[in-house]
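Asker: These protein sequence lines are chains A and B, in that order.
Quick note on the numbering used here: the first sequence kicks off at 41 and runs consecutively.
Quick note on the numbering used here: the second sequence kicks off at 593 and runs consecutively.
Don't read these hints as lab results, they were simulated from the structure.
No residue lacks a Cβ here, since even glycine has one placed at the ideal position from N, Cα and C.
Errors might be hidden in some of the hints.
[Claimed, not checked] Derived coverage of chain B by chain A (criterion: at least 3 residues anywhere in the stretch with Cβ under 8 Å from a Cβ of chain A; other residues may be distant):
hint : segment
1    : 634–648
2    : 662–670
[As the list claims (entries may be wrong)] Here are the simulated distance ranges between beta carbons:
hint : chain 1 : residue 1 : chain 2 : residue 2 : range
3    : B       : Ala-628   : A       : Asn-230   : 45 to 53 Å
4    : B       : Ala-632   : A       : Glu-282   : 35 to 43 Å
5    : A       : Ala-191   : B       : Ala-606   : 17 to 25 Å
6    : A       : Ser-337   : B       : Lys-602   : 50 to 58 Å
7    : A       : His-322   : B       : Glu-627   : 25 to 33 Å
8    : B       : Ser-647   : A       : Leu-46    : 40 to 48 Å
9    : A       : Gln-86    : B       : Ala-606   : 44 to 52 Å
10   : A       : Asn-299   : B       : Ser-647   : 41 to 49 Å
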Amino acid sequence: MDSSLLSRVSDLENQVNYSKPGEDHLMIAGLATFGFVANKTTNTYQGESSVSKTNSLADADNYEFSPMFLWRHGNKFLMEFEPSLNNDQVSVNWAEVSYFAAPGLILNAGYLVITFGIYPKRLAAGWIDKLATDPFGVAGSPPTTDYGIEAEGGWQAGTMKFSYDVSLTNGMQLLPDGELQGATITDNNNNKLLTGRLGWLPFSNSSLELGVSGLTGKVGDQGSALQNVTANMYAFDMDLVENIQPFQLNIKGQYNIMNLSNANYIDPNDPTGNTKYTFTNHSTTGFIQASLRPTLSNNNVVKNFEIAGRYGNYTTPANSMWGSKSNVLTCGLDYWITWRTVVKFTYEAIKSTNTSAINLGGTPGAINQSNSMYLQTSIQL
Amino acid sequence: MKILINKKIKILLALGLVVSTLVELNSCTASKKIEAKSGAQLWAENCQRCHNTPSPSTFSPEQWKTIGMHMQTRALLTDKEIDKIVAFLSQ
Chain A
41 MDSSLLSRVS DLENQVNYSK PGEDHLMIAG LATFGFVANK TTNTYQGESS VSKTNSLADA
101 DNYEFSPMFL WRHGNKFLME FEPSLNNDQV SVNWAEVSYF AAPGLILNAG YLVITFGIYP
161 KRLAAGWIDK LATDPFGVAG SPPTTDYGIE AEGGWQAGTM KFSYDVSLTN GMQLLPDGEL
221 QGATITDNNN NKLLTGRLGW LPFSNSSLEL GVSGLTGKVG DQGSALQNVT ANMYAFDMDL
281 VENIQPFQLN IKGQYNIMNL SNANYIDPND PTGNTKYTFT NHSTTGFIQA SLRPTLSNNN
341 VVKNFEIAGR YGNYTTPANS MWGSKSNVLT CGLDYWITWR TVVKFTYEAI KSTNTSAINL
401 GGTPGAINQS NSMYLQTSIQ L
Chain B
593 MKILINKKIK ILLALGLVVS TLVELNSCTA SKKIEAKSGA QLWAENCQRC HNTPSPSTFS
653 PEQWKTIGMH MQTRALLTDK EIDKIVAFLS Q
């Protein structure tokens, strides 16, 4: 056989071998969000008001760059890592290993996004959220990332579907003034936080999902006076998508109820640390959001517009140091450049009434009115 | 306190009973309609629950396989659903 032909065949074989997919695959996805925000804040207390105005191109509220590394190892393992430039620092959104153990059973371990409600794990990404801001309170209360293990999955039951998610994590940390903060890599006690969610999709076209979540665990530092304080939290969520010619209607909502058992907290105004105070450590937060897009319109420009509106509230414990009651109205108009690239114009009004304890240096009755306008672009990479 | 815990356990048991009854009743119906769904139909129904439906041309078949696993951890789709959706997107 002609040596040049053999050489050509050999080259082709090498090319084929090179292009074989193999068992592993590494890719980078992620998102970037950039925008402009103008804000006017009015503070009113005991009849006196002060006003401040700001505008900014990129600040903590409207800039994020988060490359997501997805590393598939065969058909059973997936490693995910999402660092993020946000809030003027590089942080990690999540870093976990998933093992696809069996149909309807995925085991995860690492730094997880805890499934408490539907928003943090599924709807928070800038290119998914229809509005430029997160729902006030819901996005970070309670903290939604933690170190631990998790089992999750979904299964078909006739025409309905169910999903479950159970995690065991280090848990949150209770601060001496009664506030909760997210976990650090060093656990603050020997107790673990148990979180679970059950999702139910009653219709065969998966258009409606209803979810209920629960969370329980001790949150006080080991050996401290607060070591037996327990957090018990519940969340209810819903997600409805209906195509009503020529529109697509999206309604999403979540309501969190957060309770901590009674405790005596340390008054930070007393340098000796001997003065204690107590309050009912009960918080609630929720939102309901609707959006409408004429996805089935024949007009190629009109079909890319979407309007969205959201009402939210966030109530933190009265007579605590950070007690307040907030109502939030948000509305917006989006334009979808592609299925994963959006330009959002959002207006948000937040009215917060202070309910903190006056004997702790609080200013009960003070009103904070914040009005913001956002122009934001978000892209999924 | 003990009474409260007992009440919670009863509520959980009642919820469990309601859910399992619903599952049992619903499972009695042979769901050929579900089994017959194509990848395209499942793609249209499930992706839009959270975000716009992705264009198949966005990623390569290998990438769709990886993204499919990622999406399964997020949306908790069944194995059959994700297999059909990935096959459709990989065409």
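Asker: With reference to the structure, classify each hint as holding or not holding.
Answerer: How the hints compare with the structure:
Coverage of a stretch by a chain is defined here by at least three residues with a beta carbon nearer than 8 Å to that chain's beta carbons; for the segment 634–648 of chain B and chain A the count is 10, and the condition holds. Residues of the segment 662–670 of chain B lying with their CB closer than 8 Å to a CB of chain A number 8, which satisfies the three-residue condition for coverage. Separated by about 52 Å at the C-beta atoms, B:Ala-628 and A:Asn-230 satisfy the suggested range of 45 to 53 Å. Separated by about 19 Å at the C-beta atoms, B:Ala-632 and A:Glu-282 break the suggested range of 35 to 43 Å.
Between A:Ala-191 and B:Ala-606 the beta carbon distance is about 24 Å. The supplied range of 17 to 25 Å therefore holds. Taking 50 to 58 Å as the suggested C-beta distance range, the pair A:Ser-337 and B:Lys-602 conforms, at roughly 51 Å. In this structure the supplied range 25 to 33 Å is violated for A:His-322 paired with B:Glu-627, their Cβ-Cβ distance being about 47 Å. Checked against the hint of 40 to 48 Å, the pair B:Ser-647 and A:Leu-46 passes, with Cβ atoms roughly 43 Å apart.
Between A:Gln-86 and B:Ala-606, the C-beta spacing of about 51 Å keeps the proposed range 44 to 52 Å intact. In this structure, A:Asn-299 and B:Ser-647 meet the distance hint of 41 to 49 Å, their C-beta atoms being roughly 45 Å apart.
The structure fails hints 4 and 7 (numbered hints given earlier, in ascending order).
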